[in-house]
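Keeping their order, the protein sequence lines are chains A and B. The opening position of the first sequence corresponds to residue 1 in UniProt numbering, with each subsequent residue numbered one higher. The opening position of the second sequence corresponds to residue 1 in UniProt numbering, with each subsequent residue numbered one higher.
One thing to keep in mind: the hints can contain errors.
Claimed, not checked - Chain A is faced by these chain B residues, among others (derived, beta-carbon under 8 Å):
#1 L78
#2 T79
#3 H93
#4 L97
#5 R106
#6 M155
Stated by the list, open to error - Covered stretches of chain A, as calculated for chain B (at least 3 residues, CB under 8 Å):
#7 122-135
#8 149-156
In short, the hints are calculated from the structure, not lab data. Remember, it's a predicted structure, so these values are computed and weren't measured experimentally. Just so you know, even glycine gets a beta-carbon here, dropped at the ideal spot from N, CA and C.
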Amino acid sequence: MVTNVEALPVMSIFDTFLNWKVFVQTLPLLLSGLTTTLTLGVTAIVLGFIGGLILALLRLYASSPLRQIAVAYIDIFRSIPILVLLVVIYYALPFVGLRLSPFGAAASALSLVSAAYSAEIFRAGIEAVPRGQFEAARALGLSPWRRMSDVVLPQALRIVIPPITSNSINVMKDTALASVVAMPDLLKQATQAQALAANPTPLISAAIIYILILMPLVRLVGVFEKRLAVRGR
Amino acid sequence: MMRPIIEMKNVVKSFGVFKALHGVDLRVGEGEIVVVIGPSGSGKSTLIRCINQLEEHNDGEIIVDGAEVGRGRKSTVLTEVGMVFQSFNLFPHMTVLRNVALGPVRVRGLSWGAAEERAQRLLTRVGLEDHVEKYPAQLSGGQQQRVGIARALAMEPKVLLFDEPTSALDPEMVGEVLDVMQQLAKTGVTMVVVTHEMGFARKVADRVVFMDGGRIVEEGPPDEIFNSPRDPRLRSFLQAVLSH
Numbered sequence: 001m002v003t004n005v006e007a008l009p010v011m012s013i014f015d016t017f018l019n020w021k022v023f024v025q026t027l028p029l030l031l032s033g034l035t036t037t038l039t040l041g042v043t044a045i046v047l048g049f050i051g052g053l054i055l056a057l058l059r060l061y062a063s064s065p066l067r068q069i070a071v072a073y074i075d076i077f078r079s080i081p082i083l084v085l086l087v088v089i090y091y092a093l094p095f096v097g098l099r100l101s102p103f104g105a106a107a108s109a110l111s112l113v114s115a116a117y118s119a120e121i122f123r124a125g126i127e128a129v130p131r132g133q134f135e136a137a138r139a140l141g142l143s144p145w146r147r148m149s150d151v152v153l154p155q156a157l158r159i160v161i162p163p164i165t166s167n168s169i170n171v172m173k174d175t176a177l178a179s180v181v182a183m184p185d186l187l188k189q190a191t192q193a194q195a196l197a198a199n200p201t202p203l204i205s206a207a208i209i210y211i212l213i214l215m216p217l218v219r220l221v222g223v224f225e226k227r228l229a230v231r232g233r
Numbered sequence: 001m002m003r004p005i006i007e008m009k010n011v012v013k014s015f016g017v018f019k020a021l022h023g024v025d026l027r028v029g030e031g032e033i034v035v036v037i038g039p040s041g042s043g044k045s046t047l048i049r050c051i052n053q054l055e056e057h058n059d060g061e062i063i064v065d066g067a068e069v070g071r072g073r074k075s076t077v078l079t080e081v082g083m084v085f086q087s088f089n090l091f092p093h094m095t096v097l098r099n100v101a102l103g104p105v106r107v108r109g110l111s112w113g114a115a116e117e118r119a120q121r122l123l124t125r126v127g128l129e130d131h132v133e134k135y136p137a138q139l140s141g142g143q144q145q146r147v148g149i150a151r152a153l154a155m156e157p158k159v160l161l162f163d164e165p166t167s168a169l170d171p172e173m174v175g176e177v178l179d180v181m182q183q184l185a186k187t188g189v190t191m192v193v194v195t196h197e198m199g200f201a202r203k204v205a206d207r208v209v210f211m212d213g214g215r216i217v218e219e220g221p222p223d224e225i226f227n228s229p230r231d232p233r234l235r236s237f238l239q240a241v242l243s244h
């Protein structure tokens with residue numbers, strides 16, 4: 001007992017938080033978690049993008065009942081905490097006969113919320129396209145669908161690149177919430193590894209991996225914004 | 001009179017409480033060049049924007065090439081009406097060639113090859129054969145407006161509407177656009193032109209329409225309108241625009 005107590009102060013901050021041996025041992029586990037995280041994140045980003053675009057078009061151009069449904073959807077899913085939604089989907093839906101895998105539940109929760117945020121971003125982007133563009137497309141005789149796909153959306157998408165990238169970063173970060181439904185994502189694997197190794201190094205490693213993955217994206221947003229500001233002048 | 005291609009009967013257009021058109025009657029014959037003049041806010045732009053339904057009129061009738069338009073009707077006849085805008089409204093994300101070829105492909109069903117050939121021909125006609133692969137932002141205002149005219153022409157419309165086509169241009173570029181329009185007038189296409197260019201109206205118009213306060217106050221051949229105006233509002237308008 002006595003030796004143990006005396007041994008503790010000897011353990012340096014490096015042995016505790018940045019232990020190389022533990023790092024090397026747990027890295028494969030972390031990398032498998034990273035794969036899951038990236039798969040989940042990309043799935044949610046893509047589905048959220050498509051869903052958001054559809055919601056934005058419904059909100060702007062659909063007739064009354066559909067438009068109101070879109071507005072209600074956007075408001076509700078922007079208000080609900082993702083963690084709550086995730087728990088509801090994973091733990092409550094089975095009671096009504098809908099049982100989703102951890103991945104399915106996490107991907108659904110993240111996509112549903114991301115779609116709501118993306119919808120507002122797309123709406124702002126479409127509304128930022130000058131009115132003259134809509135009029136020129138109409139005067140040319142383009143169908144409503146062609147006006148969107150050929151004229152409005154290509155311009156709107158360029159406008160929304162920075163905020164959509166920002167939203168994608170948020171989605172990527174929110175994938176960590178999936179660990180509460182036993183999804184073996186990067187964070188879950190890190191806490192698992194921490195328990196196995198009795199050492200917090202894997203957590204620090206996970207933090208560094210998150211930063212390494214997301215920081216280039218964060219920088220990219222800055223580059224886009226700068227470029228857009230130059231073009232806008 | 002020639003067969004009418006546009007007939008407006010008692011057309012009313014309001015924006016909220018503001019009445020922009022107080023029951024306007026106008027007939028434009030096939031091949032006719034009608035120039036609409038008048039002070040700003042007189043309803044000139046609203047008038048031609050109602051013809052192609054960029055503004056939906058609240059009352060009255062608008063018949064284009066024999067088919068009534070607007071008030072909920074879905075009509076394909078409006079593809080026979082081309083429009084040139086004050087602020088050009090070219091599509092900034094497309095090359096000049098693509099701007100002109102888009103309509104024929106999407107609306108007339110031409111192949112890209114055929115449409116681009118047509119676009120090339122029209123761009124040559126407006127003197128822009130060296131700029132087809134550029135983007136609109138790389139062109140001067142006058143060049144952009146000539147692309148706008150080529151884009152409208154590419155649809156081979158029966159009627160061309162011009163909404164103050166030179167008002168957004170620097171003075172030295174007005175001439176090149178008016179030249180193109182003047183050439184166009186000789187080809188037999190029907191044109192309705194809203195403009196402040198009195199010289200153009202005098203030279204090119206078959207008929208000049210003077211609007212004030214949302215009404216057509218006086219109309220007639222340019223000689224009559226400019227040399228012996230009857231209505232005092234037209235007289236004071238001409239005095240104001242021609243005095244300097």
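Given hint T79 (chain B) near chain A, where the shortest CB pair must fall under 8 Å: At about 4 Å, which falls below the 8 Å cut-off, the nearest Cβ of chain A leaves the hint on T79 (chain B) intact, so it holds.
Coverage criterion applied to the stretch 149-156 of chain A (partner chain B; beta-carbon cut 8 Å; 3 residues): Satisfied; 4 residues make the cut.
Three-residue Cβ test at 8 Å for the coverage of the stretch 122-135 of chain A by chain B: holds (count 4)
Status of the M155 (chain B) interface restraint (C-beta, 8 Å, chain A): This hint holds: M155 (chain B) lies near chain A, its Cβ roughly 7 Å from the closest one there, short of 8 Å.
R106 (chain B) as an interface hint toward chain A, with CB separation required under 8 Å: Holds: closest Cβ of chain A sits about 5 Å from R106 (chain B), inside 8 Å.
Chain A contact restraint on L78 (chain B) - CB to CB distance below 8 Å: holds (6 Å)
Hint check, H93 (chain B) versus chain A [nearest Cβ-Cβ separation less than 8 Å]: holds (5 Å)
Cut-off 8 Å, beta-carbon criterion: hint that L97 (chain B) touches chain A: Check failed: Cβ of L97 (chain B) comes no nearer than 15 Å to chain A, outside 8 Å.
Hint check: a violation occurs at hint 4 only; the rest are consistent with the structure.
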